[in-house]
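With the sequences and hints as input, model every part of the structure.
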Amino acid sequence: MKRFEILSKRMLNDNITWLVISAPLVARKAKPGQFIILRTDEYGERIPLTMAGHDSKKGTIDLIYAAVGRTTMLMDQLEVGDCFADIVGPLGKPTEMEGLKKVCVVGGGTGNALAYPLAKGMHDAGIEVDMITGFKNKDLVILQDEFKAGTDNLYLVTDDGTAGEKMFTTVKLEELIAAGNDYDEIVAVGPPIMMKFTCEIAQKHGIKSIASLTAYMIDGTGMCGGCRCNIGGEDKFVCVDGPDFDGSLVDWDELIQRSAYYSDQEKYDREHVCRLTGGVRYND
Amino acid sequence: MINLQREKNPMPEQAPDVRNKNFLEVTLGYTEEQAINEALRCVKCRKKPCMDGCPVMVKIPEFVAKVAEGEFEEAYQIISETSSLPAICGRVCPQENQCEGVCARGVKGMPVAIGRLERFVADWHAANYGDEEIKPAKGNGHKVAIVGAGPAGLACAGDLINKGYEVTVFESLHKTGGVLVYGIPQFRLPKEIVAAEVAKLEAKGVKFETDAIVGRAITVDELIKEEKFESVFIGTGAGLPSFMNIPGENLLGVVSANEYLTRINLMKAYKDEYDTPIMHPKRIAVVGGGNVAMDAARCAKRMGAEAVYVIYRRSAEEIPARAEELHHAIEEGIIFHYLTNPVQVLGDDKGNVTGIECVKMELGAPDASGRRRPIEIEGSNFVEDVDYVIMSIGTKLNKLILDTTDNLKANERGGIGTDDKAETNRPEIFAGGDAVTGAATVIKAMGAGKTAAAGIDEFLSK
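As you go down the protein sequences, you meet chains A and B in turn.
Under full-length UniProt numbering, the first residue of the first sequence is numbered 1, with each subsequent residue one higher.
Under full-length UniProt numbering, the first residue of the second sequence is numbered 1, with each subsequent residue one higher.
It is worth saying that the hints were derived from the structure and are not from the lab.
Be aware that a few hints might be false.
[Stated by the list, open to error] Derived contacts from chain B toward chain A, CB cut-off under 10 Å, selection only:
| no. | residue |
| --- | --- |
| 1 | I213 |
| 2 | G215 |
| 3 | T236 |
| 4 | L240 |
| 5 | G253 |
| 6 | R263 |
| 7 | K271 |
| 8 | E273 |
| 9 | R314 |
| 10 | S315 |
| 11 | V359 |
| 12 | K396 |
[What the hints assert, rightly or not] The calculated lysine-lysine pairs, modelled on DSS-like cross-linking and capped at a C-alpha distance of 27 Å, are:
| no. | chain 1 | residue 1 | chain 2 | residue 2 |
| --- | --- | --- | --- | --- |
| 13 | B | K207 | A | K2 |
| 14 | B | K301 | A | K267 |
| 15 | A | K208 | A | K93 |
| 16 | B | K301 | A | K57 |
| 17 | A | K101 | A | K267 |
| 18 | A | K2 | B | K143 |
| 19 | A | K29 | A | K101 |
Yeah, the Cβ is synthetic: ideal placement off N, Cα and C, and Gly gets one too.
This is how it looks when you write it as structure tokens:
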């Protein structure tokens, strides 16, 4: 196996891809909730991605991503046998599981892919796991078989009702709490706005909430400070203090604002790359 | 024959109005004639204060004498006895506080331009002998791990490989060089020079493992117990950027100097072919007065900013930046607000920075650092219209290694605790550079790396 070689590639739907990559140094210590930073090639930016899984014995890690930005679109051009220029990790603190008996994991959109290792990790650790997976429509639904195997109860909801029940994840969560489920913790993984509402529901019912945050960052070791966010009035770095934080302490409005900082530039880049080259720039 | 000229030979450099629009090196280096003429200014004084002023004790009078004779390669060999990275030190050392600060010629007139001569010698060697074959050193069978490929780690690796150790350097970033590549800009230290120094170490047999984060992927204890390294040197650098904790600091357009510089230097955001996102703001405030602040301000100008303000709370007298950087920054059109301190960053309803509110300061009695303490002048607040703010007010120490290494003790600053031989409370573990002292200089880090190499050699020779 070459360094950071892609060993398998599987399209989960039109937009979401599951890669298994050789990265023994990362895999040997990886834990659910941790992330890596990768670079596709010499010209690529460094982007953080939460690991969707890993196999310490085989020395591989799993990445599930949606091709939404320049780097992830470039990643889609890579095939089995191709290699990433760089993958560093595991970064961030692993998700805390100690003392938990029953949790509800709520995943939104691509966030479901990142919620998968958390749910499975907790399930494997003997914690009772309810999981709500929410998507816009049936075409975007992913990983239902994996989730079924990795949770105690799985609930599928879509915004338009084309798969599972027609409702938002937050409504399902309210339902499950109202039905008497006694959760020690609610874990939210997805778009910031969805995590915000999920954590607010948890708070309303006096349940601890954990949100797995993503942010712009460069090094992933605390050096750049780009990923700082306001947690309970204090600045914390997502890369070293997180990525999991108590959802009731997160300043969601600030986080949502900060997470869109480069969106104009990204939009331009996206069009720029594809218009010029169809996604691939360097063939050497 | 001594050259009695009082002034240093001026350094050829790009004109300010030209260079503040490109990332090419600002200073061009002495010609052979200029170097010889400058070297002849050395009066060969008996006390050699310059050597004591140098953290790695370069044999300055000896190499300068060789330059004066036109024996440039011999001069290089003399420097190489003690310094592993002269092309870098000649460019980035704060010579005015070190060798040149105590030079006898500086009493009346300017000191000998030791830094410029060091750079000349290193560049001359690279141009004339750069492709010479380097033979790997003869091994002594001992394995040493170095954590961090910055100046401390590279200096330590250089000394150890020369002594025959099997050396592996672990680096968390994708590129070696540490602050030399992510922090110091291309126009001050071309990255090709750092790459050449690293290549030299590789040719001698040093192994570099990039993308390897010690403390997470593998711990220091695992390096010792599982990977059988007999000694470990920790040179992981300064760590987390400090912020001021003033209102508005998380607005869009407030970044740390570390982030801004890393995007530009390591991630080459100034080159079109790189994907790295970066903003191109028009009016920028840089808060702080160190070398990092100067680098950020000068990069900002080169990235197309119309106005760049350096906001520093003390006066021009106390500014910690290297004299040459300050001089260059002023020439390039950076505007300095001395005795000024930000009180809040202002933003619009979308969260974008629109200005920085500052207060004027005056200097009071000296504080613990010996410098006069700045005090706010009440009612002197004013707003500078800016759309971007770069915080460059120092760093806090990163705890990763301390938190993940068994029984490794911290010092009173929160860095890794060491004695003056760079040895920690664990006899097989050594540490040095910013990871121990907090933010300091490249040459001090190199000095610490060399001290540690000597300590490791002593420890493993027992």
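Results for each hint:
For B/I213, the interface hint holds, the least distance from its beta-carbon to any beta-carbon of chain A being 6 Å, beneath 10 Å. Annotation: interface hint on B/G215 holds; nearest CB of chain A at approximately 9 Å, less than 10 Å. Contact between B/T236 and chain A, as hinted, is supported at the beta carbon level, the nearest pair being about 9 Å apart and thus within 10 Å. Checking B/L240 against chain A by beta carbon gives a least distance of about 5 Å; that is within 10 Å, so the hint holds.
Checking B/G253 against chain A: minimum C-beta separation of about 8 Å stays under 10 Å; hint holds. With a cut of 10 Å, the hint placing B/R263 at the interface with chain A holds, because the nearest CB-to-CB distance is about 7 Å. For the restraint placing B/K271 at the interface with chain A, the shortest Cβ-Cβ distance is roughly 9 Å, inside the 10 Å limit, so the hint holds. Taking 10 Å as the C-beta cut-off, the interface hint given for B/E273 holds, the closest approach to chain A being about 5 Å.
Checking B/R314 against chain A by beta carbon gives a least distance of about 24 Å; that is not within 10 Å, so the hint is violated. Interface restraint check for B/S315: the shortest CB-CB distance to chain A comes to about 28 Å, outside 10 Å, so the restraint is violated. Because the smallest distance between the Cβ of B/V359 and any Cβ of chain A comes to about 22 Å, over 10 Å, the interface hint for this residue is violated. The criterion of a C-beta within 10 Å of any C-beta in chain A is met by B/K396, whose closest approach is roughly 9 Å, and the hint holds.
Proposed proximity of B/K207 and A/K2 is supported: the alpha carbons are some 18 Å apart, at most 27 Å. A C-alpha spacing of about 26 Å is found between B/K301 and A/K267, which places the hinted pair at or below 27 Å, so the restraint holds. Pair hint A/K208 plus A/K93 holds up; C-alpha atoms about 18 Å apart against a cutoff of 27 Å. For the suggested pair B/K301 and A/K57, the alpha carbons sit about 50 Å apart, so the restraint of at most 27 Å is broken.
Distance restraint check for A/K101 and A/K267: the Cα-Cα separation of roughly 43 Å exceeds the 27 Å cut-off, and the hinted pair is therefore not satisfied. Simply put, A/K2 and B/K143 have alpha-carbon atoms about 25 Å apart, close enough for the 27 Å limit, and the pair holds. Between A/K29 and A/K101, the direct Cα distance comes to roughly 25 Å. Compliance with the 27 Å bound is thereby established for this hinted pair.
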